[in-house]
Amino acid sequence: MLTFTIRRLVLSIPTLLFISLVIFLLLNLAPGDPMANVPITVPDEVKQRMREALGLGESVYVRFYKWMVQFFWIEPQVLIDHYFGTTFSEGKLRVISWQTRSPVMDIVVQRLPQTLWVVGMSYVVGVLIALPIGIISAYRQYSVFDQVGTFISMLGFSVPTFFTGVLLIVIFSVKLGWFPSIYDTTLVVNSWETFLAQLRQMVMPVFVLALYNASQISRFMRASMLDNLNQDYVRTARAKGLSEKVVVLVHVLRNSMIPVVTVIALGVPQVFGGAIITEQVFKVNGIGQLLITSLQANDLPMVQTLTFIFALLIVLFNLIADVLYGVLDPRIRYD
Amino acid sequence: MTLKSLLLGAAASTVLSPMAMAERGSDGHVGIIYWQAPSSLNPYLSGGTKEIEAASLMLEPLIRFDPTGKLVPFLAEEVPTVENGGVSADLTSLTYTLKEGLLWSDGTPLTTADVAFTAEYCMHPEGGCAQSHKYDSVKEIEVVDDRTVVVHFKEPQPYPYSTFVGNQAPIIQKAQFAECLGARAPECTDANFGPIGTGPFVVTDFRPNDVIQLEANPNYRDPDKPAFATMTFKGGGDATAAGRAVLETGEFDYAWNLQLAPDVLANMEAGGKGKLVSAFGTLVERIEMNMTDPSPDLSREIRATREAPHPILTDLAVRKALSMAIDRDLLVEIGYGQAGRPTCNLVPGPEVYASDNTDCLTQDVEGAKALLEEAGWVDSDGDGVRDKDGKKLSLLFQTSTNAVRQDFQALIKQWWSDIGVETELRNIDASIFFGGDAGSDDTFQKFYADVEMYANNFDGTDPQAYLARYRCGTEPSPSSQWQGTNINRFCDPEYDAMIDELAKTADLDKRSELAKKMNDVLTKDTYTVVPLVDRGRVSAHSLSLGGVALNTWDSEIWNAADWFRIK
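Those protein sequences? They're chains A and B, same order as listed.
Letter by letter, the first sequence follows residues 1 to 335 of full-length UniProt numbering.
Letter by letter, the second sequence follows residues 1 to 567 of full-length UniProt numbering.
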């Protein structure tokens, strides 16, 4: 298992390098101009000078090389400096965002807490709701519970978050005034009141996203449980005289978790990617909002870095999912 | 500042403060929401409106525009003019005297060294300064003493108010930015994210593209202002959400630039938590006529250049008929409501420069048809599209992707088809359309279409540079890498002579007369530019926020120091 993990990790290096090249080329081939948001009253020569100041005058491969050095060599040094108080990165040029003219990673670090709180919490809530619903729905297939569960998950799956989000705002912020419609990213939780305030502003975005996540995962869970419930080993277990609780929750559940674990693990990178639409609707201003505003502003270093981090996480969580198979099913061995 | 003046100031403020209406910081907290979030607070590095306006809470120019478009002194004692001796008789220099006792928010005095440094910062060739056009005419900044500074121009400036004027050219602190000149400008993240200024507020926390937290400037020159102790400047979301936060839920006090459908805004205002304010500037939504042939059959060297005149649009009758067929009142009603008014002028304001040109305001479909008949455009083959000499009256109409613009396109297409003109519509993502990428065929400069619609305006109140955009020879072309201001490829030696004359005329009456004449040449005489709507600005503030004076000539929140809570 360890050699498998190491082999996969080593193999992922060329994969990631290739991904970073593809992202870079795609972004550079795409039409667009970082100066597009500058008012047209600003003369073209001034815009040209601004482009040159951003380093756009250089050729593509020079810019790619610079980004590689900054991302893989200088940024880790900054991280080491941050934790150990060393000065490796002093005076070295980091990945700089075109919009803000500040280091990209600083902004990412600033944005992560909001995203992890809201999107991460909604994922946890979604999974916690989805698993029991999926299990019960499958065990009592076509019961009232199953029908209601199916209906709600179809609703959650098919109604887009930009609709549910705005609907909730209109009902709970505008009409009832219970929850704020704008997320306060500067709120510091240091007392009971601020904790309640944090809870209140998280309710609506978390609900919207949790509904969506839960719908998706509960359908997978249900389908996977149904596949296993009719298998021979289940009949054997029952014939052995095991209690229903042990049959369902130990034998069937463990086997049914394998495809569900893949779905859950591959969903985790999306948590870090933020929820572009929901963040925009509730003004959570996390990673998703950062990505979309950078795209709109043609801030290539920011988009490049963010998409590459997502790629990194996807590769990583693929590996984690593979390793988890082995834990769930002892028959699966990679060596 | 001397100790004496400090003591005097302190004494004066103790005496005066009981008389004042409000004390500094007595009204608590105020919230502003901009649906586009500022990504930096240095207006010299980012040319975007959102950054410039956010920075105007901290950074101030020497003189700026008030809501009527009049210049008012801010850091300078008075507006220099030829009459008061501030502008030299030969129009080559401008003398500013700073107000007495000005302090930066960190408590150090503001001197003319800071003023001179600001120019040095923006004029540095490697800095990529977004406002360098404000400093283009400067030859030298001469520091006479701590409070007097003279701006010397390269050549006589009939309208000298651009350097250190308005929200785009505020004064920055030398001590803070001294290490940030030229190529090192982006490295000064702390300075760019929290500029020390003289304005009513000081940044306590800046999160790019998200939120700014501010508090009252303890060293602001008016001891009773600002009335608010703290401010949150939230960014992000969309215009609807921003409007809702002020007009319906009351979470914020001020929402910027609510570009929404008129009925949506009216519904929101019925929420009863706030009210809408609007004002007009110089932004005009217009249709630009291409005087050159954009046909893809032509070679790349001559396509859409003056070597290939447009086969249809060079006919004045066609251009005039296209304008006559449009019902501008309906466009305003559908697209802008109280934020728009029909116009026939390229320069709709300020009043002294606005021509009395109103002949386009009434739609005249029959007149347009007659005009086309007369010019020989008839529907000879009965397909509903007029033609002449084998050329069909068929146009490609492009604009940027935007709900209102697509509504306008559909309406205009309908009106034009009523007069026998066939129109093909096209819309292009704004970041590409306005992107200026010479490699793209879809930019508004390249103009590979017959007509295109967008909005443009000019900085400040003087239209000289704006009217000079239509000079012959400044058109985008392959040899200029498709950069250039004369989008229509309009070319008229008489007009160019008027541009030169305007650049030499200092007398306001003569300038205004000339500018009106030039406006008329471009609009009602030649229909090169077909103005549609004079677009105003609509913003909203809560019912409890007082002192708002919406300003379209400068930063919208230019007078945040005067805002207060209505109790």
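Derived from the structure by calculation, the hints contain no laboratory data.
Yeah, the Cβ is synthetic: ideal placement off N, Cα and C, and Gly gets one too.
Don't take each hint at face value.
[Unchecked claim] Computed from the model, here is a short list of chain B residues facing chain A with C-beta under 8 Å: (1) Ser39; (2) Asp205; (3) Gln406; (4) Asp407; (5) Ala410.
Hints, one by one, checked against the model:
no.: 1; hint: Ser39; verdict: 4 Å, holds
no.: 2; hint: Asp205; verdict: 6 Å, holds
no.: 3; hint: Gln406; verdict: 19 Å, violated
no.: 4; hint: Asp407; verdict: 21 Å, violated
no.: 5; hint: Ala410; verdict: 24 Å, violated
Violation of the numbered hints given earlier is confined to hints 3, 4 and 5; the remaining hints are satisfied by the structure.
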